[in-house]
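Chains as they are written, first to last, in the working numbering: chain A, 24 to 362; chain B, 24 to 362; chain C, 24 to 362.
Hints were generated in silico from the structure; no laboratory data involved.
A couple of the hints might just be wrong.
Each pair may be met inside one copy or between any two copies, as identical chains are not told apart.
Said to hold, decoys possible - In silico lysine to aspartate or glutamate, EDC-like type, Cα no more than 16 Å apart, as pairs:
{"hint": "1", "residue 1": "Lys339", "residue 2": "Glu107"}
{"hint": "2", "residue 1": "Lys66", "residue 2": "Asp327"}
{"hint": "3", "residue 1": "Lys213", "residue 2": "Glu107"}
{"hint": "4", "residue 1": "Lys66", "residue 2": "Glu52"}
{"hint": "5", "residue 1": "Lys213", "residue 2": "Asp224"}
{"hint": "6", "residue 1": "Lys213", "residue 2": "Asp151"}
{"hint": "7", "residue 1": "Lys130", "residue 2": "Asp145"}
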Amino acid sequence: MRLSDIAARVGGAVEGDGSVEITGVSSIEEPQPGTITFLSDRKHAQRLAGLAVGAILLPPDAAPAGVPAIRVTNPHLAFVDVVELFHPPVEHPAEIHPTAVVSPTAKLGFGASVGPHVVVGDDVVLGDHAVLHAGVVLYPRVRAGNRFTAYARVVVREDVQIGDRVTLHVGAVVGSDGFGYVPGPEGIRKVPQVGTVVLEDDVEIGANATIDRAALGTTRIGRGTKIDNLVMIAHGCVVGPYSLIAAQTGLAGGTVVGTGVQLGGQVGSAGHLTIGDGARVAAKSGISSDLAPGGIYGGIPAIDIILWRRGAAAIKRMSELFRRVRRLEGRAGVEPEGD
Amino acid sequence: MRLSDIAARVGGAVEGDGSVEITGVSSIEEPQPGTITFLSDRKHAQRLAGLAVGAILLPPDAAPAGVPAIRVTNPHLAFVDVVELFHPPVEHPAEIHPTAVVSPTAKLGFGASVGPHVVVGDDVVLGDHAVLHAGVVLYPRVRAGNRFTAYARVVVREDVQIGDRVTLHVGAVVGSDGFGYVPGPEGIRKVPQVGTVVLEDDVEIGANATIDRAALGTTRIGRGTKIDNLVMIAHGCVVGPYSLIAAQTGLAGGTVVGTGVQLGGQVGSAGHLTIGDGARVAAKSGISSDLAPGGIYGGIPAIDIILWRRGAAAIKRMSELFRRVRRLEGRAGVEPEGD
Amino acid sequence: MRLSDIAARVGGAVEGDGSVEITGVSSIEEPQPGTITFLSDRKHAQRLAGLAVGAILLPPDAAPAGVPAIRVTNPHLAFVDVVELFHPPVEHPAEIHPTAVVSPTAKLGFGASVGPHVVVGDDVVLGDHAVLHAGVVLYPRVRAGNRFTAYARVVVREDVQIGDRVTLHVGAVVGSDGFGYVPGPEGIRKVPQVGTVVLEDDVEIGANATIDRAALGTTRIGRGTKIDNLVMIAHGCVVGPYSLIAAQTGLAGGTVVGTGVQLGGQVGSAGHLTIGDGARVAAKSGISSDLAPGGIYGGIPAIDIILWRRGAAAIKRMSELFRRVRRLEGRAGVEPEGD
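Chain A extracted, bound-state conformation (with noise of 0.2 Å):
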């Protein structure tokens, strides 16, 4: 493809020769011949310098690179619109594998292509173009929009609700029982988790993650929310639109989430408590009360970043303290305590 296709594409100007073949897209970390890459962020621009790439898309105000490239407002946006225009999504053929078990009632829309292995419950409904991969499960009532993506092995538990253009990667487990229990004369008896899920438009679900039902009412993932591999979200947790939640998070029963929230990962959070719009809250926190709107917070507790970091990195001198207070108190005179 030439570069000056690939800028008409993507609405830039081309600085340099635009009739430039350029085969295929690489990252500026690792550079090969011939390929198309970007730069986003300043502390790569030292890269730049003897590229070895076919082009390069630039920001308005970066210094020339030696190679041609293709000016744009976003390069790290445009590239994506480069990435699909040389990995176009892979067509799935619109027929059910003879293998599927798909249930008479269940009502597959448009287009739908469903893999080997699958299984449809009763009652499924889902929208135009669903492609379910091999062994996916869809227990009975399952409802879902257009453009539904189930990897392989995805399953949904009974009455879940899925918007349009939903992705679950492989192994996501959507609609399992919630973690509910009531001590009892005769044991821990369980609480049937009779509730439901619903994921909202544009939701997106990592690999092996788990979404556990509510007990009563609804677990909810806000439209453009997108949640990575291994993450645990409760019974009755609401996840409000355009949030991120990285690897590993888990979300107590009953966390409430705001729009625009960033979780990093392995965080986790108590349950009954609300994370409030547009927060961010670094890798591996814990989060204990209620955060609000706009912050950034970090430790375990989470706590406002800045005071979390001077602690963090005061544990390393606590033994300098001791010894600075043990010395303050031989010049007083007093006795030192509990040393």
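Given the coordinates of chain A, assemble chains B and C onto it according to the supplied hints.
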């Protein structure tokens, strides 16, 4: 269902109009008209005013609500009975799906329900009323008691022994190899994991959790213990009865957990140590030595939770503490050290 | 099996009656009569008195046990050989189960064993003696070397390349999409994940672990590296050879791990940093910057483990420290600040 009928089922006394029709159940946080809910936690008592439900389960000492009520000793436990009245367990037909692959040497008990694409290996023995959902794989010589339920895609490796009324949620893995290696002259040598796993009666294992088999001997989960999603129980752990282990917690090899222990989410335990009966451990804690029975613990490493909370609160004040010591040093005329 | 025969197999010297019949293996913590066990750790030496086993593997310098023994340089390594004598690996018949769906363009090597409900995609190429257990899904163009073992429900996404003698445990996922998004004018835009994963020779991946494919380029797991259950390796990580990564650990995108690194359980690493050769990181640590080779680290953020242990121990004494500073302030006549 009339309220008086519900009261009779849960052994409670009607307060107000017992003839009111109840159409379902709801939570006090999300009350639904016409449904019955319950009050167990005093902190919700303020929600009683104007509560838009059909009826409520109340403890003997609670103030009257503005709606018909049933008085019972333990409203939460009674509510579980009521939920089951409205949501009886799904009945599974006693049949083996034609796509299931069941070894001719396997013995399934009375009323077994075997779903599509299930695999039951040689010499598996199951008690009565087993329910194997779609895609379950039981390796050879697995034994389970009565009322064994395995949700979709559960895998149980060879020789695992399972008691009565055990439930394995979607994607749970029981009996996978432990993580055992010995450094040798030719790199890292795998130690064959030739032990097994025993799950005692009434155990429940969460979605995508993994319970490894012992290297030698047995990994054991005690009667009535409940384990949440994405938990990891390593080889040779022995978990006592009636314990609760929340999501994403991990126990390293050889951990011994007592009776009635409660571990919060994302707890980790070093191996070859003992967590005493009735101990409770806060979410995200890291257990690095034996914990005495009955205590409440928190932190990394886990210590008495009061001590840990004080320490965690002090983290926010470390800058202040350094400043105060510096000032004292100034007053005392000693040179600040390392500052 | 006679003890003298075992000694011959492991190249050790019999001490005592070599004609004793050994019926199996057991651990020194749970010794079984008639079996052989081993002593490698000095802390278990006290267990030798009255040890009710048939025989024991001892290091050259250990005191004699009261039972027949085999003297070897490395009893633990020799014990692995003995375990394999009593528990030879399961043989899998070289056959393709009739319910498996194998693409006509896939190439399976000599002796392939393909279980029920397996799916092998177009242009997959496997070496000799592949064993694919029930429900395994290999997407198109996966390539694996000789003696590839995939336990039940393993999924390998398209184009992943796998070396010789690789084992993937139940439910492991290799090649799932990385978690890559760019904020754009129309919400959060997914970055197509068009890279791949390479697993080198002798890699082992634990149950329900997930290894994401790179956005561009390659996620790589080096030769002989072993990864435990529920681990998350994000897109673009490069893990060196002969490393051990314990359960529930997560590496964010672009983490570079050296040779012979050991990461404890539930460790997290921020992305785009380097963990040096031979580094060891304590369980539950959070790595937020490069770690030098050969060091031992702990804490969140991970620092030298000695410093971290001192700091963690000091946490318990924070109340005391504040009290001591307050007392000094009283003596010095300065007003306590913020207290």
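- Which earlier hints can't be squared with this structure? 1, 2, 6
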